[in-house]
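K.L.:
One letter stands for each residue in the lines below.
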Amino acid sequence: MKLGVLYSGGKDSTLALMKAKEHHEICCLISIVSENKESYMFHTPNIDVTLLQSQAMEIPLVRVVTKGEKEKELDDLKKAILEAKQRYQIEGIVTGAVRSTYQASRVQRICYELELWCFNPLWLKNQVELLYEILEKGIHAIISGVFAEPLDKTYLGAEINKTMIEKLSKIASTHHISPAGEGGEIETTVLDAPVFMKKINTTKSEIKWNDNYNGTFAIHDAELIAK
Amino acid sequence: MILIISTCREELSDSEFVRPLAILIEDHNIIHYTRVRPADIAAAKKIIISGTALKDFEYLKHDFSWLLKTNKPVLGICAGMQIIAKAFGIPLEDHTTIGPQKVEVVTENKLAEGNFNAYFLHTKTGTGNFQTLAVSNGKPCMIKHPLSEIYGCIFHPEVMNEEIIRKFTE
Numbered sequence: 001m002k003l004g005v006l007y008s009g010g011k012d013s014t015l016a017l018m019k020a021k022e023h024h025e026i027c028c029l030i031s032i033v034s035e036n037k038e039s040y041m042f043h044t045p046n047i048d049v050t051l052l053q054s055q056a057m058e059i060p061l062v063r064v065v066t067k068g069e070k071e072k073e074l075d076d077l078k079k080a081i082l083e084a085k086q087r088y089q090i091e092g093i094v095t096g097a098v099r100s101t102y103q104a105s106r107v108q109r110i111c112y113e114l115e116l117w118c119f120n121p122l123w124l125k126n127q128v129e130l131l132y133e134i135l136e137k138g139i140h141a142i143i144s145g146v147f148a149e150p151l152d153k154t155y156l157g158a159e160i161n162k163t164m165i166e167k168l169s170k171i172a173s174t175h176h177i178s179p180a181g182e183g184g185e186i187e188t189t190v191l192d193a194p195v196f197m198k199k200i201n202t203t204k205s206e207i208k209w210n211d212n213y214n215g216t217f218a219i220h221d222a223e224l225i226a227k
Numbered sequence: 228m229i230l231i232i233s234t235c236r237e238e239l240s241d242s243e244f245v246r247p248l249a250i251l252i253e254d255h256n257i258i259h260y261t262r263v264r265p266a267d268i269a270a271a272k273k274i275i276i277s278g279t280a281l282k283d284f285e286y287l288k289h290d291f292s293w294l295l296k297t298n299k300p301v302l303g304i305c306a307g308m309q310i311i312a313k314a315f316g317i318p319l320e321d322h323t324t325i326g327p328q329k330v331e332v333v334t335e336n337k338l339a340e341g342n343f344n345a346y347f348l349h350t351k352t353g354t355g356n357f358q359t360l361a362v363s364n365g366k367p368c369m370i371k372h373p374l375s376e377i378y379g380c381i382f383h384p385e386v387m388n389e390e391i392i393r394k395f396t397e
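Here the protein sequences come in this chain order: A and B. Residue 1 is where the first sequence starts when you use this note's numbering, and the numbers rise one by one after that. Residue 228 is where the second sequence starts when you use this note's numbering, and the numbers rise one by one after that.
The set of hints was computed from the structure by calculation and includes no laboratory data. Note that the coordinates shown come from a computational prediction; the quantities given were computed from them, not determined experimentally. Yeah, the Cβ is synthetic: ideal placement off N, Cα and C, and Gly gets one too.
Label-pair distances were calculated between CB atoms; the ranges are:
no.	chain 1	residue 1	chain 2	residue 2	range
1	B	R393	A	S100	20 to 26 angstroms
2	A	N214	B	N364	35 to 41 angstroms
3	A	K170	B	H322	44 to 50 angstroms
4	A	W209	B	A270	54 to 60 angstroms
5	B	N344	A	I225	46 to 52 angstroms
6	A	E166	B	E238	30 to 36 angstroms
7	B	E389	A	Y213	29 to 35 angstroms
8	B	E238	A	S173	31 to 37 angstroms
9	A	L224	B	R393	45 to 51 angstroms
Sequences are here, hints too, so could you generate the full structure?
P.N.:
Here it is, written out as structure tokens:
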């Protein structure tokens with residue numbers, strides 16, 4: 001089956017893509033760039049990095065900018081998926097949804113309206129197991145945003161490795177946060193994965209810290225380099 | 228052992244509709260509906276028939292007449308409930324619900340009580356002469372065979388109502 005992946009550039013959508021690729025042909029990535037930082041659906045730091053990730057994977061990117069107004073942004077998502085369907089003849093969509101019924105049901109509805117299959121290979125997966133699978137699959141992700149107590153500046157730009165998973169698991173048990181960031185506590189950016197032909201090298205970045213356990217690791221410039 | 232019957236045409240859907248059930252059941256065996264043998268039914272203590280992707284209707288072409296003869300408790304989830312309905316000659320009607328909805332239990336039963344929210348993902352349903360255990364927006368969403376322990380649940384309890392799975396498998 002020809003599939004498009006709803007791709008944010010983070011660990012979950014990359015893992016979902018890799019799982020889907022074991023069974024189907026991935027014809028395009030679909031990225032929604034939201035101008036609204038409060039968007040429930042799409043706000044992701046470093047969404048522009050998907051341009052490089054698309055080149056690294058040699059999979060074309062369908063990219064749509066949305067103002068991010070609630071529910072209206074869903075019209076923009078539908079337009080993007082329709083464009084992917086028309087341009088690449090995809091028969092289905094893959095998402096990295098894990099727990100959010102809000103996001104999952106909206107994508108399911110759009111797929112239903114556009115007569116597309118919808119696949120959520122990470123659905124209801126245990127979050128710590130998910131983090132370890134990211135490592136096992138060789139996905140190199142960094143933390144590009146933190147949005148919950150007690151996550152501080154030191155996490156920004158840090159790699160998701162075994163030590164970090166242990167740290168996040170410990171915090172999750174004491175602070176009621178989701179260790180994999182499913183509640184929006186953490187955002188990640190993937191710099192390399194087995195499906196990347198080249199890896200991403202960050203040449204200019206900035207830590208933006210807004211206090212109140214809220215900050216981002218913004219990638220301003222990056223390039224593709226040989227692996 | 229609880230037999231989990233996968234209804235998924237696509238293997239990629241198993242991780243979405245079958246694995247979440249398996250996580251909740253310690254002693255289980257997963258078999259695709261096309262490969263279930265009488266011995267598998269005989270070996271099971273209880274049987275759960277999974278849901279599948281919204282666009283998947285392949286399972287409706289299959290013969291599930293063993294359901295008419297079994298004395299094992301069965302829980303059909305979404306596609307699984309449609310399969311039960313079809314096996315018992317209940318016509319399926321087009322009815323689409325996607326996302327969380329309120330559910331009200333209207334008949335005392337072993338699996339659920341009171342009011343709760345549940346996750347729906349279906350485009351067809353059928354309830355016929357089965358007993359209505361719960362409704363959502365006035366429409367039956369949990370049903371039971373009038374005589375045997377055969378249940379149908381058109382919503383996905385593994386998403387927001389794990390206790391229904393636990394009570395069934397107990």
